[in-house]
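Based on the provided sequences and hints, a complete structural model is requested.
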Amino acid sequence: MNRIDTVFNKLKAEGETALIPFITVGDPTPDLTLDIIREVEAAGADIVELGVPYSDPLADGPVIQRASQRALLGKVTIRTCMQTALQARKAGSELPFILFTYYNPVLQMGLDTFFQEVVVHDISGLIIPDLPIEESEDIRSRAKAAGVHLIPLVAPTSHERISSIVGNASGFIYCVSSLGVTGERSDFYSGVEPFIETVKQFTDIPVAIGFGISNREHVARFSKVCDGVVVGSAIVRQIESAIPLLEQDETKEQGLLQIREFVSQLKGSKVYER
Amino acid sequence: MIQVPDINGRYGAFGGRFVPETLMNALIELEQEYTKYCDTPEFKEEIAYLLKQYAGRETPLYYAERLSKHLGKAKIYLKREDLNHTGAHKINNAIAQGVLAKRMGKNKVIAETGAGQHGVATATVAALLGLECKVFMGEEDTKRQQLNVFRMKMLGAEVIPVTSGSRTLKDAGNEALRYWVSHVEDTFYVLGSAVGPHPYPMMVRNFQRIIGDETRRQILESEGRLPHRVFAPIGGGSNAIGMFYPFLEDQEVELIGVEAAGKGVETEHHAATMSKGTKGVFQGSMSYLLQDEAGQVKEAHSISAGLDYPGVGPEHSYLKDIERVQYVPITDQEALDALQLLCRTEGIIPALESAHAVAQVVKKASEWSEDEIIVICLSGRGDKDVESIMAYTGGKTL
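For the protein sequence lines, the chains are W and S, in the order given.
Quick note on UniProt numbering: the first sequence kicks off at 1 and runs consecutively.
Quick note on UniProt numbering: the second sequence kicks off at 1 and runs consecutively.
The hints are simulated quantities; they were obtained by calculation from the structure and are not laboratory data.
Built from N, CA and C at the ideal position, the CB exists for glycine as well.
There may be inaccurate statements among the hints.
[As the list claims (entries may be wrong)] The list that follows gives simulated cross-link-like pairs (lysine to any residue, SDA-like), each with its CA atoms no further than 25 angstroms apart:
no., chain 1, residue 1, chain 2, residue 2
1, W, K75, S, T278
2, S, K106, W, R161
3, S, K298, W, L111
4, W, K75, S, S166
5, W, K144, S, N8
6, W, K75, S, A294
7, S, K143, W, R66
8, S, K298, W, G74
9, S, K36, S, L83
10, W, K75, S, D292
11, S, K298, W, L72
12, S, K108, W, D187
13, S, K102, W, H159
14, S, K108, W, P62
[To be verified] Facing chain S, a subset of chain W residues (Cβ under 7 angstroms, in silico):
no., residue
15, N2
16, S55
17, D56
18, A59
19, Q65
20, N104
21, P105
22, Q108
23, L111
24, P129
25, D130
26, P132
27, A155
28, T157
29, L179
30, V181
If you want it as structure tokens, here you go:
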């Protein structure tokens with residue numbers, strides 16, 4: 001069974017909501033990404049989105065744009081991201097990994113190679129934010145054949161497109177909380193809860209929400225209506241502010257602890273104590 | 001020839017809509033509204049009226065006799081898009097999209113701009129039609145083109161400097177798309193070139209085809225026949241597709257797109273997407289693209305800000321693959337030399353973009369005989385470039 005399904009089945013039985021952090025791979029280095037994955041798992045993350053840094057991230061706000069640029073300075077590629085996932089697995093991680101990537105890096109790897117590598121590196125899901133259903137037929141059938149979930153995005157502007165987007169989806173549905181790019185915000189789309197309810201009417205698979213979810217209050221609010229909550233920019237910002245600590249051997253643990261505490265707070269669990 | 005694009009906005013393997021889901025309904029709505037209005041007499045008449053009475057069309061097809069004699073025997077004609085209001089072909093598209101925005105009930109428009117020509121054209125049309133206008137411009141370009149920034153502000157537009165990525169045209173395009181995602185419900189995106197997600201490449205082509213339609217009629221009037229060869233500069237490719245499109249079925253007419261080779265296609269500093277690019281997805285469509293092996297988009301270089309772009313319109317990629325249009329590179333230096341030649345032989349200062357097309361003609365003219373007829377799309381005038389040419393030459397005339 002796909003690890004994503006296993007996680008949602010377990011959480012459903014427990015009446016819990018999945019916390020899904022997003023981190024940009026290679027920000028600040030691939031080795032530190034491995035450390036960060038270990039920390040977010042220890043803090044209670046249920047699934048992790050691994051962001052592939054890209055030169056032209058259309059769907060991303062300034063925080064993730066900056067993270068991408070930092071990672072690209074280290075020449076991080078889509079291959080690096082897959083290798084990081086596999087290294088994390090070998091180091092004992094049980095998390096399902098979702099590769100969050102723009103379409104062009106996938107295309108340049110070649111679809112045959114890409115799906116072989118996805119399977120080899122134990123990636124459970126894919127999010128491709130610039131690949132709407134009209135363009136994704138080939139990828140969807142290849143993902144299905146590979147046993148990998150292609151997670152579709154649904155926006156408040158999707159309206160009558162919702163049924164065709166979620167119709168034959170697998171894994172979970174990713175609802176976009178607001179009009180706009182990724183990033184922390186104080187306001188969500190007015191009517192976001194009814195929007196989520198509408199999406200749920202069209203599907204039996206889990207529904208998660210993301211874009212702008214940045215603190216415990218947001219997580220608690222959406223846990224009432226969703227099966228999963230994605231937190232991206234807020235965590236990436238924590239990592240950004242911890243970089244000076246992470247880059248020095250003497251302070252690295254302190255930097256990692258900050259990230260772990262932030263994720264613990266989001267999860268609503270007790271602050272981790274050493 | 002097959003009619004392109006198909007219903008999914010595909011030109012063979014190219015085109016399509018590679019955008020966040022949030023924009024999909026806006027693009028579908030735009031296509032529906034465009035299709036609804038484009039053939040109605042009121043819409044066509046309003047645009048035709050503004051193009052004639054406001055922008056100054058039709059533009060002349062001018063026989064450049066001194067240039068022709070200087071270069072050899074062929075007769076060289078210049079399609080004078082430089083004589084349009086605001087100084088380039090960009091106004092054709094800005095007027096039409098502005099009129100469409102208004103009919104769709106959207107009173108806010110946004111645009112991306114590199115050198116500022118499309119930004120100025122959009123700010124102009126926004127003033128004319130009473131629309132609120134924001135122009136996204138790379139911070140680097142706002143420094144290089146201060147006059148155009150001030151021009152846009154005079155026209156009432158807000159200019160937003162873009163500080164992401166390389167801070168040039170491609171980043172201005174990214175930022176305009178990001179802003180549009182956030183304000184899609186009340187904002188119309190006036191895209192300036194034949195690039196981006198469907199229906200933009202098709203719409204921009206149809207709004208620019210007036211260049212080729214006029215040229216075809218004018219050359220038949222003056223020469224009684226079609227030209228042997230038609231040249232146009234190509235960055236994103238809006239003037240080129242507008243010029244070429246009405247000639248596509250005329251197999252005897254050779255069509256040549258001239259792209260920017262910057263410091264040379266053998267260097268890392270060029271914008272020769274057709275000569276050096278590979279197939280990829282960029283800013284909403286599949287096309288040729290300057291990128292590395294990992295699929296990261298490379299920065300382009302050209303002395304001409306309008307050609308300084310790592311992508312190209314999807315229809316051009318299609319026309320290259322079916323070998324209907326030939327695409328050739330011209331360096332910064334060749335373009336500057338041609339610009340100087342046109343100044344001295346004809347008293348016309350062309351835009352650096354247009355000078356690339358002139359340069360290709362200069363390169364090839366000795367091979368042509370006296371009964372040959374050549375057309376160059378002189379897409380814009382060079383006033384905007386005088387400062388950067390001065391900076392390039394250190395104040396010396398060329």
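Against the structure, the hints:
1. Between K75 (chain W) and T278 (chain S) the alpha-carbon distance is near 20 angstroms, which keeps this suggested pair within the 25 angstroms criterion.
2. In summary, the hint linking K106 (chain S) to R161 (chain W) is supported, as the alpha carbons are separated by about 23 angstroms, within the 25 angstroms threshold.
3. The straight-line distance between the Cα atoms of K298 (chain S) and L111 (chain W) is roughly 22 angstroms, inside the 25 angstroms bound, and the hint therefore holds.
4. Our distance criterion of 25 angstroms between C-alpha atoms is met by K75 (chain W) and S166 (chain S), whose separation comes to about 17 angstroms.
5. A C-alpha spacing of about 23 angstroms is found between K144 (chain W) and N8 (chain S), which places the hinted pair at or below 25 angstroms, so the restraint holds.
6. Between the alpha carbons of K75 (chain W) and A294 (chain S) the distance comes to roughly 9 angstroms, so the proposed pair stays at or under 25 angstroms and holds.
7. Using a Cα cut-off of 25 angstroms, the hinted pair K143 (chain S) and R66 (chain W) holds, with the two alpha carbons roughly 22 angstroms apart.
8. Taking the CA atoms of K298 (chain S) and G74 (chain W), the gap is near 16 angstroms; set against the 25 angstroms cutoff, the hint holds.
9. Pair hint K36 (chain S) plus L83 (chain S) does not hold up; C-alpha atoms about 31 angstroms apart against a cutoff of 25 angstroms.
10. A C-alpha spacing of about 11 angstroms is found between K75 (chain W) and D292 (chain S), which places the hinted pair at or below 25 angstroms, so the restraint holds.
11. Pair hint K298 (chain S) plus L72 (chain W) holds up; C-alpha atoms about 12 angstroms apart against a cutoff of 25 angstroms.
12. For the hint linking K108 (chain S) to D187 (chain W), the alpha-carbon distance of about 22 angstroms falls within 25 angstroms, and the restraint holds.
13. A distance of roughly 24 angstroms separates the Cα atoms of K102 (chain S) and H159 (chain W); the hinted pair therefore holds under the 25 angstroms criterion.
14. Taking the CA atoms of K108 (chain S) and P62 (chain W), the gap is near 24 angstroms; set against the 25 angstroms cutoff, the hint holds.
15. Annotation: interface hint on N2 (chain W) violated; nearest CB of chain S at approximately 23 angstroms, more than 7 angstroms.
16. Of the supplied interface hints, the one on S55 (chain W) holds, with its beta-carbon coming within about 4 angstroms of a beta-carbon of chain S, less than 7 angstroms.
17. Residue-level restraint check for D56 (chain W) holds (minimum Cβ-Cβ distance to chain S is 5 angstroms; threshold 7 angstroms).
18. With its C-beta approaching chain S no nearer than about 5 angstroms, A59 (chain W) sits inside the 7 angstroms limit, and its interface hint holds.
19. Interface restraint check: Q65 (chain W) against chain S, minimum CB-CB distance 5 angstroms, threshold 7 angstroms, status holds.
20. Interface hint status for N104 (chain W): upheld, as the beta-carbon distance to the closest one in chain S is roughly 4 angstroms, under 7 angstroms.
21. For P105 (chain W), the shortest C-beta to C-beta distance to chain S is roughly 4 angstroms, which falls under 7 angstroms, so the interface hint holds.
22. Because the closest C-beta pair between Q108 (chain W) and chain S is about 3 angstroms apart, less than 7 angstroms, the hint holds.
23. Taken as an interface hint, L111 (chain W) does not check out: its beta carbon lies about 13 angstroms from the nearest beta carbon of chain S, beyond 7 angstroms.
24. Checking P129 (chain W) against chain S: minimum C-beta separation of about 5 angstroms stays under 7 angstroms; hint holds.
25. Among the interface hints, the one on D130 (chain W) holds; its C-beta lies about 5 angstroms from the nearest C-beta in chain S, closer than the 7 angstroms criterion.
26. Hint status for P132 (chain W) relative to chain S: holds, with the closest Cβ pair at about 5 angstroms, below 7 angstroms.
27. The interface hint given for A155 (chain W) holds, since its Cβ lies 4 angstroms from the closest Cβ of chain S, which is under the 7 angstroms cut-off.
28. The interface hint given for T157 (chain W) is met, as the beta carbon of that residue sits about 5 angstroms from the closest beta carbon of chain S, less than 7 angstroms.
29. At about 5 angstroms, the closest approach between the beta carbon of L179 (chain W) and any beta carbon in chain S falls short of 7 angstroms, and the interface hint on this residue holds.
30. The restraint placing V181 (chain W) at the interface with chain S holds, with a minimum CB-CB distance near 5 angstroms, inside the 7 angstroms limit.
When the structure is compared with the earlier hints, violations turn up for hints 9, 15 and 23 and for no others.
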